[in-house]
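These protein sequence lines are chains A and B, in that order.
Residue 577 is where the first sequence starts when you use my numbering, and the numbers rise one by one after that.
Residue 398 is where the second sequence starts when you use my numbering, and the numbers rise one by one after that.
Treat the hints as calculated values from the structure; they're not laboratory data.
There may be inaccurate statements among the hints.
Anything over 10 Å on all C-beta distances counts as not near chain A; from chain B, calculated [as the list claims (entries may be wrong)]:
#1 L413
#2 K417
#3 K424
#4 I433
#5 D439
#6 K484
#7 S491
#8 A498
Okay, derived cross-link-like pairs now, DSSO-like style, lysine-lysine, Cα gap no bigger than 30 Å in a straight line [to be verified]:
#9 B:K424 / A:K600
#10 B:K417 / B:K489
#11 A:K644 / B:K424
#12 B:K489 / A:K644
#13 A:K644 / B:K417
#14 B:K495 / B:K424
#15 B:K482 / B:K424
#16 B:K417 / B:K495
#17 B:K424 / B:K484
#18 A:K644 / B:K484
#19 B:K417 / B:K484
#20 B:K417 / A:K600
#21 B:K482 / A:K644
Only a predicted model underlies this, so the values are computations on that prediction, with no experimental measurement involved.
Where a beta carbon is used, it is the ideal one built from N, C-alpha and C, also for glycine.
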Amino acid sequence: MPGDPEPGREVDLELEFHLQMRTKELVASGMDPARARRQAEAEFGDIENTRQYCRAERRRLRRNRQWKNLLRTVRDEVILVFRRMGRRPAASVAPVAILTVAVTLNALVLSVVRGVLLSPLPFSDAERVAVVEEVQEGGGVLGAAYPILSEWRTQARLLESSAGFLDTEFPLMTRSGPMMVEGAAVTAGFFDLLSDPLSRGRTFTEAEHSVGGTPVVIISDGFWQRVFGEDPDIIGTRLEVDGRVCEIIGVVQERSVFPDGSQIWLPVEQASPGLLEVPGAKIFSTRARVRPGVGLDQVGEELGRISAGIVGGAPSAGAVPLSERLLGNVQTPLRLLQGAVLLVLLAAAVNAGGLLLARGIRRRAETALRISLGAGSSRVASSLLLEGLVLGAAAGVIGVVLARVLLGPTLALVPVDLPRAAQISLDPWVVCLALALACVTGVATAAVSAFAGSRTSPATLLRDSTPAAGSSPWLARTMEGMVVVQVALAVILTAGAGLLLRSFVSTIQEDPGFDAGNVVLVNVSLPDYRYVDQASRVAFARGLLERAPEIQGAQAVALGRNLPISGSTMMSPLRVEGSSDVTSAVQVAAVTEDYFQVLRIPFLEGTGFQGEDRENGERLLVVDPGIVTPEGATLGVGGRAHSFFNDQDYRTVRGVVGAVRHRGLRVNPVPIVYEPFLQKGGALGFTLLIRSEAPVGVVAAQAREMIQALDPALPVEEVSTMSSRISASLAEPRFYTVALTLFGVLAVLLALAGCQASLAHRVEARRREIGIRMALGATLPSVRGMVLTRGLVLTAVGIGFGVLAAIPGTRVLEAQLYGVSLGDPLTYGGVLLLLLAAGALASDGPARRAARQDPAEVLKEG
Amino acid sequence: MTKIASNNLLRGTVDLLVLKTLMHGPKHGFAIARWIREGSDDLVSFEDAALYQSLHRLERQEMVESSWGVSDNNRRARFYRITLKGKERLEKESSAFKTYAEAVNRLLEAES
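Next up, chain A with everything else stripped away, as it sits in the complex (with noise of 0.2 Å):
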């Protein structure tokens, strides 16, 4: 109040008053002044400590009474931008709409990117975990043989732990019937490398990490609430595994759930004895957490020099950081889409801000008198910011239920393989960060007008009668450059969106050596404690192939192992006889003689098994013309050759067949050479190929028939298409083009509103100068051309602006282009074309009004 004291000093007036009245009092009393005085101030007490006291509780009290105020404040404006807005909520709509679809995107990708690069790996200390394995000329990669990993496990003094593992699928027996099941065999320490993997139960014990052990079995969270509803009883439960009746002692909560997707474990002493023992096979992944402090070079070397000196271990070793390895082809592409995605919110942001600030313009009269009633051109530009918020705000909440609901189609479109795509999901975190960057985004976007807003001069502005006349050249300029920046945004994302296309489009062009059409595929896999011996497999292998033709429509059926774009690589060299030295690692495929019916592969020269695919028939090869010896040699037809597996003798080539790209589209072929299947004693593990023109349903359908008739107990078996297996393989490169696509056809369609709204605005701006013009004889179509020239004007600057931009940014898509280059003439051609179609587009509303003017109405308004 006015004629307080000031706060410094009020609490030490208010004592001083005290000890004054009390002085008086005991001076009325008789007392002589000085020794009142002095004993007014020793009954009073501390008077320091209470001036302090006092002090400090006055400053807390004019804190709260501002922290108070400030809330009453912001509550007001906060009511006042919601009547606001409620008066006209129409207005609103396009700002919160093209906002909420950009924060949408922008949450889907981010709960990709939290799931598949953020979300922690289930290993404590995962970053001291280790891939380890032995890598192969030729781009193989070989695990290590069990024998060895207890070397390791045993002597390796740099590891804190290791253990291997198979990831591999187990035939279950459920009250259902049988049902196959991915899970892994682990060896001893498996569970030791995960973070408090369990949700209850135990690990496995190093009794049963062996051949005779207990038989038990861990199983998934997720199989225990789908197979098992939840039964608290679940430990101690009974479960028939490929063949054993096991307990269950353990449940893995799903976070902790590695490899990915696995249902079950097992130790594997007791899945897979036979594995123990063949020191060649070299097929268990490997993971090891290292000792703090120790380098992977280390690691990489302890361990060879442990494996060299036993039979079948390699001289060395090497160790990959798990992230790296997990993570490595994921991160570039992903971190492209999320930049991607940035832009697309950029350009969102951009156009809303235009909007605004239009709506800004519009309303200048309301924003002259708020000013000149007293409100500071700071509470006007905060109001505005605030405004900005609260639309921010509605599109974050609008979002993110959107994108909970989008989440599922987008897993469908997600590459199945992607790592860690089960952890993909709109969590906590994803949520408060769409939430906060839409809030961020809502007040950015109310930046420029509220600038505008807070520089707006009353007086001027209430002289002005006509609606937009009178905006400052400068609101103008700005306005244009946000049509600016959004051309140049449209143009970085389609030039991206354009080249991987094109790649894709070039990949699909890509001749894969066959003819995948028509082909269905079946799986099948045998039980090893029931086919024990190769005479089992080779009959039930024969048996189908005898049964398999009458499928119908059949025109082709063969068996066959390691097919092209199933993932699986079998490499060997190949001893060519002639020759000093073996060759280089080729791939090795067994087949039936059909094979090259069914999938169409041409025979270049001679011709295939014919008949020789038995036990004791002729001991053949079918190559493909990529075989080289050392000595530079082809190999071909007569030629005779064998590989490293279970090959002693040399084999004489048939035929040579067509190269096949077996690793996929985009791979080049690598050489091929084709071993009788039956022969060779059949496998436990293989797929029948069936060439037929009906339904693929109906095919299935026999095909299974035929495979239960043969062996009841066999679970039922994953049926797919060769075109389906194909179209799999491009499920990333599918996923990143579709994404960015649909960014660049947003950010083509934002442009193209913002470019209109911009000319709409100027049009009406310069309503008296046009219609001046018209008055004085300009015609009609060249007021229309005025309007266009301008649109493509702006249109060409964003294009010059976008593609400076597009030029660097761009060279992060490098790795996932195929058949294009960077600078594709083709591609930026076409956005070119795209863009100042879209400008062309959005001048003729705008032309069209401006045409439609009556010159002398104009006039009349003066």
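On the provided structure of chain A, position chain B as indicated by the hints.
Same frame as chain A, but now just chain B:
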């Protein structure tokens, strides 16, 4: 009769007495001190320091509010008034205090 010395009185009790005093109308600090002294026949008195600490604390807690005014002898002084919150607190705590005092009294007078 023993005089209850200031360091025996709990902070809360000082606050309570101050609030009660203000129920009888706005006062400045000196007047409050005098009122309490006279109202208890000089049995209850405490250091003025404690009183002023209590007043400022109560104001920060919004139990009382103050403003500068003019005293009887034309001097500038800070006058305190009880607020609605203060009245509620007074009611709540004085009944609690009475219950406590009765209980202690009963125990002290119980037959041994």
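Structure-based check of each hint:
no. : hint            : verdict
1   : L413            : holds, 18 Å
2   : K417            : holds, 20 Å
3   : K424            : holds, 12 Å
4   : I433            : holds, 14 Å
5   : D439            : holds, 13 Å
6   : K484            : holds, 19 Å
7   : S491            : holds, 23 Å
8   : A498            : holds, 26 Å
9   : B:K424 / A:K600 : holds, 18 Å
10  : B:K417 / B:K489 : holds, 12 Å
11  : A:K644 / B:K424 : holds, 27 Å
12  : B:K489 / A:K644 : holds, 26 Å
13  : A:K644 / B:K417 : holds, 28 Å
14  : B:K495 / B:K424 : holds, 25 Å
15  : B:K482 / B:K424 : holds, 18 Å
16  : B:K417 / B:K495 : holds, 14 Å
17  : B:K424 / B:K484 : holds, 16 Å
18  : A:K644 / B:K484 : holds, 22 Å
19  : B:K417 / B:K484 : holds, 9 Å
20  : B:K417 / A:K600 : holds, 26 Å
21  : B:K482 / A:K644 : holds, 17 Å
Figure legend: structure checked against the earlier numbered hints; every hint is met.
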